[in-house]
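Asker: So the chains spell out like this:
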Amino acid sequence: MLVAAFDFALASASAACYVATDPEALRLVSAPAPDQPDDGTLLKSIAGRDKAALRSLYERHSPILFSLALRILGNRPDAEDVLQEVFIQVWNTAGSYDEKRAKPVSWLILLTRSRAIDRLRSRQTRMRATEAAGAAKPDDPPTPIQQASASEARALVRRAVDLLPAEQRLLVELAYFGGLTQSEIAARLGQPLGTVKTRMRAAMLQLREQLAGVLREETKS
Amino acid sequence: MTHESFREFAPLYVIGALDGAELVEFECYVAANRSLCEAELKEFQAVADQLAMSVPQAQPPSGVLQRVLAAVEKSEKPEPARTPVAERWQRNGFNWRSLIFGWAPWAAVAVMFVLLTIMTNQMRTMTHRYREQQAEGDKDKGIQARQDEKISQLSSNLDAQSREFKTQVDQLQTDNRALQRDTQALKATNLKLAADKIELMRVADELRKQTALQDAQLISLQRQAGDQSAKLEELTSRAIRLVQLSDPKGETKAAASVYWQDAKKQGLIVVSSLQPVVEGQGKALELWAICGSEPPVPAGLFWTDATGHGEMEIRLSSEMACLDKFAVSVEPAGGSTSPTGPIVLVGQ
Chain A
3 MLVAAFDFAL ASASAACYVA TDPEALRLVS APAPDQPDDG TLLKSIAGRD
53 KAALRSLYER HSPILFSLAL RILGNRPDAE DVLQEVFIQV WNTAGSYDEK
103 RAKPVSWLIL LTRSRAIDRL RSRQTRMRAT EAAGAAKPDD PPTPIQQASA
153 SEARALVRRA VDLLPAEQRL LVELAYFGGL TQSEIAARLG QPLGTVKTRM
203 RAAMLQLREQ LAGVLREETK S
Chain B
18 MTHESFREFA PLYVIGALDG AELVEFECYV AANRSLCEAE LKEFQAVADQ
68 LAMSVPQAQP PSGVLQRVLA AVEKSEKPEP ARTPVAERWQ RNGFNWRSLI
118 FGWAPWAAVA VMFVLLTIMT NQMRTMTHRY REQQAEGDKD KGIQARQDEK
168 ISQLSSNLDA QSREFKTQVD QLQTDNRALQ RDTQALKATN LKLAADKIEL
218 MRVADELRKQ TALQDAQLIS LQRQAGDQSA KLEELTSRAI RLVQLSDPKG
268 ETKAAASVYW QDAKKQGLIV VSSLQPVVEG QGKALELWAI CGSEPPVPAG
318 LFWTDATGHG EMEIRLSSEM ACLDKFAVSV EPAGGSTSPT GPIVLVGQ
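If you're matching them up, the sequences are chains A and B in order.
Each residue of the first sequence is one higher than the one before, counting from 3 in the working numbering.
Each residue of the second sequence is one higher than the one before, counting from 18 in the working numbering.
These are calculated hints, taken from the structure and not from any lab test.
Distance condition first, Cα-Cα at most 20 Å in a straight line; then the derived SDA-like pairs of lysine to any residue:
1) A:K46 with B:S92
2) B:K156 with A:E82
3) A:K46 with B:E93
4) B:K281 with B:R258
5) A:K105 with B:C54
6) A:K46 with B:T142
7) B:K59 with A:R203
This is chain A alone, in the form it adopts within the complex:
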């Protein structure tokens, strides 16, 4: 059930044989058009109380942040609330954003995940979210719409995650999307803490290795 809940439903093609040839296809976040300011510039403008910049940043990143919140919380109203709170927080704290510490998108993801996990814990909707997210089975193929809308890079990341051994994938998903710490996971699954740590670390190292191409393109962008 837990495995089912954390659904990375992917296409059945083997990711091991996947080779992406188009660098642009390896970007999960579309690079801004040449005449559009980048994220860092937008954040500086927001710090200067520029509402248009806030709108631009929202239009650029809200689908990803909303999807993340929806993935964690399992229902749209909660995900909408989190998205709203995140952008209000961006408006209020953009001046304190430090570009040296994290990329703008990483900062936005961090804010979104933190708020979603807080909400998940405070409202004790973990089980509800788990069940909601588990509505689709892991082996379900993506719908045509999903296939059409998913970018090549996103599919590659999904496949990389899907290639993880099931026990490692479960641990990473419980931590990242379920908001559970290593001790909570060990207690919940009845596994030794050392085993949980080792498997999660191995999973992250494997992901880093397999997603090296995507990460390089993201760094460039």
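Using the hints provided, position chain B relative to the given structure of chain A.
Answerer: Structure of chain B alone, referenced to chain A:
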């Protein structure tokens, strides 16, 4: 913490898995070695970002952006307009006279300008802090709301638990009273059972005595039965002949049975319903064995009881050639060599 430990923990930190003392140690190490850790941490953070960006995409409704902008609009407060000093000078005109003759006011203005600059900076700092606090306040409000919700929920739970607890206490008290009644009843029952047990032990002891007595009687009866069985076996064997005797005149119901064993010349006579001839009253019944026309041979004296029942074992001499009849006569107590009294039974 060593840098090696940092590298072990970094992948766990970026997905929020690190906790407890390890989390504290990790964050302290990163704070103290920011330049050393920054690149590696960013690298793992990017991996975690990929997880976030890999989820199936969904579009938020347009209303969310409107709500964000409305909230932003509401939070905006217009700052008071400041008139630069130069503008004031331009508006009011530059007065050399006051410059020459009024150095004191000018000095005051200069001091005020310095103070104004300092205050402006402080104002900016305070505004920045205010915004930060406002952001924190929003967060605190959210936390406060969640805490209120939790407190409300806990209070409801406490009330419910209190009611449940009281119900359980009432139930326990009821159960306790019932148990006390049951205990008293059990004590009474126990006393009665103890009395019954004593009585039963007494009865059992009596029964044991009776059983021992009956066992002794049984052994005696078994012995007698054995004897009787031997006699019966002897009497019912094929070598035994049964001779029925009756009143020769047919006037009484007197009868006798002689169980006779030719081979041993031995037998048993059992008489019944005979006119009683009791021992010690001067008379005796004498059995006679008769062979053809030979004179009767005395076969023994016997008596009956008061009911006319009597028995006697018969033993004849092996020299007796044959035996055709038996007869019983009433003779003097010492018996006779030939019948002298009336013949009461005869049979062949």
